[in-house]
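**Student:** Chains as they are written, first to last, in UniProt numbering: chain Y, 1 to 479; chain F, 1 to 479; chain X, 1 to 479; chain P, 1 to 479.
Everything labelled a hint here was simulated from the structure, so no lab data went into it. Accuracy of the hints is not assured; some may be wrong.
Straight-line alpha carbon distances no greater than 30 Å define the calculated BS3-like cross-link-like pairs of lysine-lysine that follow [claimed, not checked]: (1) Y:Lys436 x F:Lys50; (2) P:Lys309 x F:Lys339; (3) X:Lys428 x P:Lys196; (4) F:Lys339 x Y:Lys474; (5) P:Lys199 x P:Lys189; (6) Y:Lys236 x X:Lys281; (7) P:Lys189 x X:Lys469; (8) P:Lys220 x P:Lys190; (9) F:Lys339 x Y:Lys236; (10) P:Lys97 x X:Lys220; (11) Y:Lys463 x F:Lys382; (12) F:Lys97 x F:Lys436; (13) F:Lys309 x Y:Lys309; (14) X:Lys469 x X:Lys85; (15) P:Lys382 x Y:Lys61; (16) Y:Lys428 x Y:Lys189; (17) F:Lys281 x F:Lys382; (18) X:Lys236 x P:Lys463; (19) P:Lys61 x P:Lys97; (20) Y:Lys97 x Y:Lys190; (21) F:Lys428 x Y:Lys436; (22) F:Lys436 x Y:Lys428; (23) X:Lys47 x X:Lys190; (24) F:Lys436 x F:Lys474; (25) F:Lys327 x Y:Lys469; (26) P:Lys47 x X:Lys437; (27) F:Lys339 x P:Lys61; (28) Y:Lys327 x Y:Lys281; (29) P:Lys199 x X:Lys463; (30) P:Lys474 x X:Lys217; (31) Y:Lys469 x F:Lys309; (32) X:Lys327 x P:Lys220; (33) Y:Lys217 x F:Lys469; (34) Y:Lys50 x Y:Lys85; (35) F:Lys281 x P:Lys220; (36) P:Lys436 x P:Lys220; (37) F:Lys382 x X:Lys61.
Protein chains: 4
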Amino acid sequence: MKFGSRRLRPFCASCPLTPLSAPLSLLAASYTDSSDDETSPRDKQQKNSKGNGDFCIKNIKQADFGRREIEIAEQEMPALMALRKRAQGEKPLAGAKVVGCTHITAQTAVLMETLTALGAQCRWAACNIYSTQNEVAAALAEGGFSVFAWKGESEDDFWWCIDRCVNLEGWQPNMILDDGGDLTHWIYKKYPNMFKKIKGIVEESVTGVHRLYQLSKAGKLCVPAMNVNDSVTKQKFDNLYCCRESILDGLKRTTDVMFGGKQVVVCGYGEVGKGCCAALKAMGSIVYVTEIDPICALQACMDGFRLVKLNEVIRQVDIVITCTGNKNVVVREYLDRMKNGCIVCNMGHSNTEIDVASLRTPELTWERVRSQVDHVIWPDGKRIVLLAEGRLLNLSCSTVPTFVLSITATTQALALIELYNAPEGRYKQDVYLLPKKMDEYVASLHLPTFDAHLTELSDEQAKYLGLNKNGPFKPNYYR
Amino acid sequence: MKFGSRRLRPFCASCPLTPLSAPLSLLAASYTDSSDDETSPRDKQQKNSKGNGDFCIKNIKQADFGRREIEIAEQEMPALMALRKRAQGEKPLAGAKVVGCTHITAQTAVLMETLTALGAQCRWAACNIYSTQNEVAAALAEGGFSVFAWKGESEDDFWWCIDRCVNLEGWQPNMILDDGGDLTHWIYKKYPNMFKKIKGIVEESVTGVHRLYQLSKAGKLCVPAMNVNDSVTKQKFDNLYCCRESILDGLKRTTDVMFGGKQVVVCGYGEVGKGCCAALKAMGSIVYVTEIDPICALQACMDGFRLVKLNEVIRQVDIVITCTGNKNVVVREYLDRMKNGCIVCNMGHSNTEIDVASLRTPELTWERVRSQVDHVIWPDGKRIVLLAEGRLLNLSCSTVPTFVLSITATTQALALIELYNAPEGRYKQDVYLLPKKMDEYVASLHLPTFDAHLTELSDEQAKYLGLNKNGPFKPNYYR
Amino acid sequence: MKFGSRRLRPFCASCPLTPLSAPLSLLAASYTDSSDDETSPRDKQQKNSKGNGDFCIKNIKQADFGRREIEIAEQEMPALMALRKRAQGEKPLAGAKVVGCTHITAQTAVLMETLTALGAQCRWAACNIYSTQNEVAAALAEGGFSVFAWKGESEDDFWWCIDRCVNLEGWQPNMILDDGGDLTHWIYKKYPNMFKKIKGIVEESVTGVHRLYQLSKAGKLCVPAMNVNDSVTKQKFDNLYCCRESILDGLKRTTDVMFGGKQVVVCGYGEVGKGCCAALKAMGSIVYVTEIDPICALQACMDGFRLVKLNEVIRQVDIVITCTGNKNVVVREYLDRMKNGCIVCNMGHSNTEIDVASLRTPELTWERVRSQVDHVIWPDGKRIVLLAEGRLLNLSCSTVPTFVLSITATTQALALIELYNAPEGRYKQDVYLLPKKMDEYVASLHLPTFDAHLTELSDEQAKYLGLNKNGPFKPNYYR
Amino acid sequence: MKFGSRRLRPFCASCPLTPLSAPLSLLAASYTDSSDDETSPRDKQQKNSKGNGDFCIKNIKQADFGRREIEIAEQEMPALMALRKRAQGEKPLAGAKVVGCTHITAQTAVLMETLTALGAQCRWAACNIYSTQNEVAAALAEGGFSVFAWKGESEDDFWWCIDRCVNLEGWQPNMILDDGGDLTHWIYKKYPNMFKKIKGIVEESVTGVHRLYQLSKAGKLCVPAMNVNDSVTKQKFDNLYCCRESILDGLKRTTDVMFGGKQVVVCGYGEVGKGCCAALKAMGSIVYVTEIDPICALQACMDGFRLVKLNEVIRQVDIVITCTGNKNVVVREYLDRMKNGCIVCNMGHSNTEIDVASLRTPELTWERVRSQVDHVIWPDGKRIVLLAEGRLLNLSCSTVPTFVLSITATTQALALIELYNAPEGRYKQDVYLLPKKMDEYVASLHLPTFDAHLTELSDEQAKYLGLNKNGPFKPNYYR
């Protein structure tokens, strides 16, 4: 079964850093809870200080600590805080019963508490068996949330937690917030009747969105769904701007490599590739690009990168980075020809880009030299430095700034509001992008962070441009 | 009447530089023909060396000189030359009778001769009364083309030339290649019946495309039309990459200003604004941005620019650049507050952005200090340096590289081929973008210029990605 | 005789642009005086409006026009204007009799009038037979200056003008301001006794400084001399910052080349090379560097440039730029191997870097395609685009911003003040650099242009650093 | 006593990362030896496998592991390996008896083994009580080196180790390699007679060099000393290029801050400041600069940074970075006015730049949120994020690439060779910089890492330039 693969993705097993953290976060402290007792949370009797026991987490005693992390995250998520403020008058989610399945982190907690402030009831599970911040889950439980998640769930635990979210006597969800599609899948499989009362699905991940489009194509999507993943703000931030920073961060944390003067080949010149190339060029690397698409190829040329085939430069480069979304971009043949010490890593959206399996042969020796860093050693002594076993470098070996997560979380909140309040007929049983105007609204909520001042159109100008003064300002396809 | 305004746009009156030139061009020499006799070409008896007289130009004796310019342009237009080569076997435009109305330059000549090589017959007029390179027109006439154009036409001449193109006993066009919509307008007005045999219109300009959409909306478009202006290759090249260079060039040629340390405000952060900002930042200017669209505003922030309202910085900046496409962005109130010596110019798509009219008041003195450079002097002695009277700086004061024109010309050629050969029913009476795959083809034809080597998908990879190995590689909306 | 070669350097013959211009300048207008009468100024009876006739220029009637140019230049030379203001109380050059020999331009006029305001008397000639702005010379003459210079002097005129400056009954100069060493040479040769009363020489040019060091070495330097050329402010501005802009400007004005995607090799990675490389990289070119010095070579690597030998890339590059100060860097062998259309130019400090002489052979055809642009055509049709016949691109084909000239002029003024007022014994018969503190003072006078606010050391901090609060802040050798 | 302060600098106490690491290093593994037994090495009987016991380290059993680290470091230190190869014929250090006192790391081990290959005998102690890599010390001891060092020495241990190096019956050092001056100080204090046979001192650190200049000034320096710290290669690499990378790395590892759009003020625009500013600008930060030196200030302007006083921007910036070398640059007054969440760190050369002491007041709460990260909390809840308690961010919170260390180590080796072999009289009892030519040699040995190809002067060119074909190519003061 293909379902379930995402939440079990092994990068978390070997990654003590969760993919989520924040400038003001207290993450370091969370590492210490490895000394916790080993009893399964499912076997424990749990109650919060008010006597409520409708949750299942690791350790309610960590609640204070988790609360501090949430407070710190709040400072970096001004858009959600602004939504809360506006919600003091109106409650756009009054009556909404949201089941959620996402990473359980301080940032998610800020989202959940915002939804509540907007009028919603929430029940939540984790979308990944490793990524839960236990202290945050504790704070949520203490705050009255029905949360079912801990770090290090088994696969059975995983589905049990989802089921506990959904399956409560006398409670029926009417909105789904999903990240990866497992929650949606579970309801489809176990409680298909629930969809009668569900007003819509908000899905964040590539994988989950892909599933929804498949359902839609097959005529099996029975409620409207909002594709948050492809919002322009999310795309640009997660890909171009975020990768511009995380490629440097991921490489430094794992290898301490000096970028100046290094020869690097970046495979793929989409948004991720563009971000990686810009950063490395700025740090003094000499960057080559490979592409299959002539338009992106021409962009690479105009941006000052030599466009090559991988075999033209594979012997001379110091670093190989894949950003294609494709499979078998770096195959054994290329790995054989790399020079000693060459660093190989993946920034694309899956672990298929580097053919890591081809390196698991008897004549090659693997040596784990650091967390996330393997030396693969050829019989002649040549070493290749493989990062994160070919999984995503930025998720495995660097962190995602809260600010980026804030954009996504705000988009999720607005998507919920939109679907929940949309008049009958606005959305059919299909997959939608958030209306352009809401994308713009998300962006506008984040401008104060930069003390950025937007210009307003005069009436005369708006008329000249044929635009509404309040937007949207661009066609939907504008990127 | 609004029609006709574009071809008469005054920037050409004061601009001895045509907007078109080439690295290897002999432009300088063309200035000398101002000593030509003053007889109107319409009053002259003209024949080329083979006795053909179906053309009207300035001076057939300049043909050799024009031929040299064309040969030089050919070197920078490899894609059209490649099309010619492929046309040795097949003639995709066999039977096509193309009437064209564009700038008459060496680059256009390369396009026309390519269309002929592909099997077409061509008759051509100028879309602008000032931009014709007389020696190129001579070379075309000598080569057997029916071309009706000269530098310095009157408005009456302008329409007379267009009419001569279209209205020939025993000849009926079946394709239109237009730049600005005047040719299309003329046929609509004078020879509406011609449209019965016309297979399609290819239109390059913003203005012309706008007219076509209006016709389509009004249900009056009676043939399919191809919008070349909005092709991704054209957009990116004309806007981002070309403006990145021409903002520096235009400012230097007119003012010799040193960029390092200068404070600049760029109004608008679309593609043009992005190009301007990137270039000026790289040259050591301190750049501020204004925006109305929160998404572009957030991009400006992430790219490292302070997002301000114009009034916050107007007193301190050394240079003001408009790139909005809007009107009255820089109004008298702002001009009054600028500091002495402030340079004001426009890179947007019309001459409305700076309210130049507001400066034509008695208390202000205008002083023309160079071609395209005016000092506007306040009663207290303050001088504002206004470039190109607020018209497009890049068209008025810098040149457009042949390479960029090559991309557009190739797109035009492919659009003609597509419309001419499209099976019945593929295109209706509407405005279309060139199919993505053809955009990609245009791009691929320009990669050899950069010695750029594209990677090909393996069968397995194509299958994995769900793509055809030959493209298209991205959805239509991808930018 | 080697002396005299500089003022006659042929780049001026073919260069209608003087090397000097200004954002607010009226240069364009000065081209019109070509219609002036052809009588030699030496043969004319000349008087200004006050009846003074101790000058020799082209046409006193142009004085008003020249005055406007000077006023405009004043706006861009804030440091000299600040010196004038401070001079209202004290006259540090009271009693100074300065003979000068420099380019006669609006910027020089601002310097001369500043020296006068500081108390000096000035007599002036041109250091170059082509670079005099006649209208500026007229304004100076009208203002009472004894100036002897016009555009288009013969060699004989040149020395006659210098002699008229120096050789005046009853007047004996006590300071020399020279640019190129010709004035100094003339006095050495004709009036060696004058040196008895001369307090010092201020020399700006590389050539002139070189001569002074040779005189010093030979024990023949009989007064102290100040080497203005090697001041850190001048070096950095003339080389790094100015060339960063002028390489782009020079290439665009001559060839309209698009930088994006072009492959460029820059020979030499000193300050000039660093400036060129940074600019071209920023514009999207792919830049290769050649170097002889391993330290500069390592800097090129760390800055992200492939360090190559010229023969490794000569076949593939689109542009070749020399910045070495060396000779025969680009020899015929390399020129033979360049690809069709390759652009070749020189940014170094002499015209020896490209072996242009080797291209003057019968089998190659030269074609002048624009001012400063030659096509050299091989028998097989290959064309090389040679700029400025291998002379300095930035002087021949672009302009020098007034701001840069302001730094140099201010340094010259301070050097004069320093030498004139130095107590006996501070300077011997040797060549000196301006004291660091004065360099810093020059820099500080230019900061207001950028609205830049310097931080002051507290007493405690100055003590901690062992510095005087007013500088100098760095050792002399700091760059 | 001021001496000794450096080796005890507390940043090491809280920094589990040594300042030294390498792309291929196994550092992570070394953290595990904390489980080692607690017996003092001084109390243990130690012998290597050959029965040699003239050393004192933590645990000889770690030798194999240390050897692997050394082998890996060798791959990144090509210059030392090249020196070894050349040493197969000649032994320029034959007879040299070197006592060394530096950080004991894999990179130092490569240096020591190179010195041995060149003919020297070495005895070594650590210059810092925390920085010794125990496994490397073990490998050295096993290899026959007399090394006296372990991680976590007491101050008494520290001096005991140094003494054991120096004070050996029948052995008298003739060369000193010092980092910080403690070894030199010890010999001055305890064994002043040893200097009679000592040929020279090579000193790397700012502190140590400062002491030597003081000794020299006081007439107490009794042997020549080589100042390795101020070599151009070291300065440029340690400062400009290395800081360009480590500012990003240090900030990311400690705070995960997103750089895009952040407002940053960098205090000081020397080499370090230039590196920090360039990196942050490239990542999309908006950077302000403060300076006391008008020349550096003007450079900042030309490089595109607003030059401000700290108080003008202190309320609005997100990050404050000091790079001045000065004291009390960021004082309590500024800290009071920073906004919530502002990050404060130091990249300058001491821990005096931020007045951290002023934050140790009762009304402020300190909260350690991660290793090297403190929140300082104001009564109103405002938090400042203070990194490394104001000590050097790049040493405390990021790593130094082996490549940079290689340059320093090679310079040290060449300085030893130069002093040891210099003919009588070349060096007096003074402090010297390494001859320019040797600097160039160090650089040239590192070029192969980048596959960089140096151009050689022809005889004719060398003559023209007045240079020796083999260098030196620039004057000594060239930077």
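**Student:** Evaluate each hint against the coordinates.
**Tutor:** Evaluated hints:
1. Y:Lys436 x F:Lys50: violated (61 Å)
2. P:Lys309 x F:Lys339: Holds - the C-alpha atoms of Lys339 (chain F) and Lys309 (chain P) are around 23 Å apart, at most 30 Å.
3. X:Lys428 x P:Lys196: violated (42 Å)
4. F:Lys339 x Y:Lys474: violated (34 Å)
5. P:Lys199 x P:Lys189: Status holds; Cα separation ~18 Å.
6. Y:Lys236 x X:Lys281: holds (24 Å)
7. P:Lys189 x X:Lys469: Roughly 37 Å between the alpha carbons, so the hint for Lys189 (chain P) and Lys469 (chain X) is violated.
8. P:Lys220 x P:Lys190: Given pair Lys220 (chain P), Lys190 (chain P) holds - Cα atoms ~15 Å apart, limit 30 Å.
9. F:Lys339 x Y:Lys236: Violated: Lys339 (chain F) and Lys236 (chain Y) sit about 37 Å apart, past 30 Å.
10. P:Lys97 x X:Lys220: Not OK: Lys97 (chain P) and Lys220 (chain X) at ~52 Å, beyond 30 Å, violated.
11. Y:Lys463 x F:Lys382: Roughly 34 Å between the alpha carbons, so the hint for Lys463 (chain Y) and Lys382 (chain F) is violated.
12. F:Lys97 x F:Lys436: Judged against 30 Å, a Cα distance of about 26 Å means the pair holds.
13. F:Lys309 x Y:Lys309: violated (46 Å)
14. X:Lys469 x X:Lys85: holds (24 Å)
15. P:Lys382 x Y:Lys61: At roughly 27 Å apart (the allowed maximum being 30 Å), Lys61 (chain Y) and Lys382 (chain P) satisfy the hint.
16. Y:Lys428 x Y:Lys189: holds (22 Å)
17. F:Lys281 x F:Lys382: holds (27 Å)
18. X:Lys236 x P:Lys463: holds (27 Å)
19. P:Lys61 x P:Lys97: This hinted pair holds, its Cα atoms lying about 28 Å apart.
20. Y:Lys97 x Y:Lys190: holds (19 Å)
21. F:Lys428 x Y:Lys436: holds (29 Å)
22. F:Lys436 x Y:Lys428: holds (29 Å)
23. X:Lys47 x X:Lys190: holds (28 Å)
24. F:Lys436 x F:Lys474: Given that 30 Å is the threshold and the Cα spacing comes to 8 Å, the pair holds.
25. F:Lys327 x Y:Lys469: Holds: Lys327 (chain F) and Lys469 (chain Y) sit about 14 Å apart, inside 30 Å.
26. P:Lys47 x X:Lys437: violated (61 Å)
27. F:Lys339 x P:Lys61: violated (74 Å)
28. Y:Lys327 x Y:Lys281: Since the Cα atoms of Lys327 (chain Y) and Lys281 (chain Y) sit roughly 26 Å apart, the hinted pair holds (cutoff 30 Å).
29. P:Lys199 x X:Lys463: violated (35 Å)
30. P:Lys474 x X:Lys217: At roughly 20 Å apart (the allowed maximum being 30 Å), Lys217 (chain X) and Lys474 (chain P) satisfy the hint.
31. Y:Lys469 x F:Lys309: holds (16 Å)
32. X:Lys327 x P:Lys220: violated (49 Å)
33. Y:Lys217 x F:Lys469: Status holds; Cα separation ~24 Å.
34. Y:Lys50 x Y:Lys85: Holds: Lys50 (chain Y) and Lys85 (chain Y) sit about 27 Å apart, inside 30 Å.
35. F:Lys281 x P:Lys220: violated (52 Å)
36. P:Lys436 x P:Lys220: holds (27 Å)
37. F:Lys382 x X:Lys61: holds (27 Å)
The structure fails hints 1, 3, 4, 7, 9, 10, 11, 13, 26, 27, 29, 32 and 35 (numbered hints given earlier, in ascending order).
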